[in-house]
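Two independent chains are provided; combine them into the complex using the hints.
Line order of the protein sequences matches chains P and C.
To convert, note that position 20 of the first sequence is 20 in the numbering used here; the numbers rise steadily by one, no gaps.
The number in the numbering used here is simply the position in the second sequence, starting from 1, with 1000 added.
Because the hints were derived from the structure by calculation, they are not lab data.
Treat the hints with care, as some may be off.
Heads up, simulated DSSO-like pairs for lysine-lysine below, C-alpha to C-alpha not over 30 Å straight-line [to be verified]:
#1 Lys-1008/C <-> Lys-143/P
#2 Lys-1008/C <-> Lys-1044/C
#3 Lys-147/P <-> Lys-1044/C
#4 Lys-1026/C <-> Lys-158/P
#5 Lys-158/P <-> Lys-112/P
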Amino acid sequence: MEEGRRLRRRRKGLLSRLIRSLFFRKATARIGIYGPPNAGKTTLANRIVHTFVDEHEDIGIVSQVPHETRRTMMREGILIDLKAKLQLNPYPTENPHPPSNPYPKAREARAKLKIDIVDTPGLATKIDFHDFLAYGLDEAEAKKRAKEATEGVIEAIKWLDDVDGVLLLMDATEDPYTQTNIVIIGNLEARGIPVLIAANKIDLTDAAPQRIIDAFPQHTVIPISALKGEHMEELYEEMARKFR
Amino acid sequence: MDLISEDKISAMTSLEKLRFVLDGVKAGNIVILEGGLTSEEQMKLIELTMSEVNDDFPGIEIGGYPTRKGFLNLKRKTRLTVIGPANMMRTIRKDRDLISAIVSAI
Ligand SMILES: Nc1nc2c(ncn2[C@@H]2O[C@H](COP(=O)(O)OP(=O)(O)O)[C@@H](O)[C@H]2O)c(=O)[nH]1
Ligand SMILES: [Mg+2]
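So that you can see chain C by itself, here it is in the shape it has in the complex (with noise of 0.2 Å):
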């Protein structure tokens, strides 16, 4: 698991964000990002995950955190966004309470 700090996150291009996030993804590791990525940049790495989905990597499971059912403001950027492998989703599912402690103590 890879907890990526703002700092490091912000001095970094759109672009440079996202090929980080999936580099890391697709090397089996779950990624999560202190400050998250805005919906348009998540839509893009849905774009970017598409284009290099394959026979051994179907693709990623994404989670904004914190999400609390029936209470949602989409404007405000996430204040920690995860992803993983899709194989590994499972891990991230079981690992909920895990990454909500983790979002609590940021």
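Okay, chain P solo, but in the shape it has when bound (with noise of 0.2 Å):
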């Protein structure tokens, strides 16, 4: 009984989602930045604020040690207008390198979507405070930055309820094949949410985007660099498509 009325309770949310959605398009989407400890995910944050906002202005600290970002942090309210930046800096990218497909032209670039971006923790099935010692960290330390990122799971979870899309970050690096990744991803699928796949850092030589392309492929994923700045416009166009 009790599973049943769960169950009612998400098909109603699935409805009220879709009928939202059909009637009452959003004027803000709320985008959720999902994935790995260390994908890479505050760095896309801050650069898309940096890009629309403030170039001084951070969402939060990036870091090599895992789960620096233990709460999620959410900066309200960014218009991504791709028309009018590019018409402003034709050419946005610090890429010194020719891109492999063209940058779209100002008036061919089309992106244009408010949003709230919420920069989580991610998720992890596992958080070890030995691993902080390699680091630097002292073991009282690395205790306390252990028991505030489990904190920092739990809140990136609930924070599924309040997102209208999610931006699901991989390290290219990386195995994409994760059971956490397959989880989220499931997840979102039950929910109706949609979600845009970023395969980053691809500016490093191991990188391999095709493994993850290959990995999901039901979903869209665009191979970006968040550090360098590369293929960020691509990543704006299919966000505009997608959360819209």
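Below, the structure written as structure tokens:
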């Protein structure tokens, strides 16, 4: 009975979500950034804010130490307007190499979308305080960070109830075929939340974005470098298509 | 290693199932569930695990079987879910062939 009630509630959730998306298109889409620790979620969130709001404003701290982000942070009201941006600066990337496929010209760029960006700690099934000792933290600090990190993961899971879309970030140098990636995609599909996968860190020589494309053939995968700003326009175009 | 039959599992509520799995894993066992867990149950399991991580229990490893690279039907319930203590992760990896053998025997 308990099960049945939960199921009905979920169905209702799906239905009302559908009705909302058909008739009451929200002016602002709340987009959660998910993905494993160190995939580059905060780097991407900061880049979006730098590009469209203020180049000196950061959402969070980027670090090679895993679980740097232990609280979910939201920046509201970001207008992604690629056309306006490209008219101001026709070469918006820091990539010194000619891009493999040309960036859209200002008049072709249509991406326009208002979002709240939610930078989450992401998902993990294990957090071992010993792992932090290798980064020079003492035992007390490491244990504190581990405790906060577990709370961060729980918070990230709860935030799934409050997002309209998900940017799922994966590190293209790592095996994408992890159970946490599979679990989050399964949950998003069950809830009818649109998801866009970004294969990050393609600036690294051992990046293999094709592995991610092959692992999740039913989803759109955009290879990017959040750090170097590569292929960001394609990501924005696809976000506008998917999350509007 | 605990192999739990679908019959035993189907008599439990979702929460009982997750409690049962986590208790088994915290006791140091690799728990194999015939019939598997749905993605929603696995998400709940991650949440429950995170609330119980401590200095001696770093968390879990989950694997779904059968999984074939490049082929995945997420809507279908996994036929088998394997959950083990994170500090025994290498064991799970090593036993991959054994687990695959069990899967094909079921
Ligand atoms: N090479 C490379 N490194 C990146 C990229 N994006 C992020 N990183 C690095 O990956 C590490 C983790 O980044 P962070 O944004 O904190 O990851 P998060 O845990 O997912 O928020 C940092 O050292 C970043 O500089 C990228 O596109 N390319
Ligand atoms: Mg972060």
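**Request:** Would you list, in rising numerical order, the hints stated earlier that this structure does not obey?
**Result:** 1
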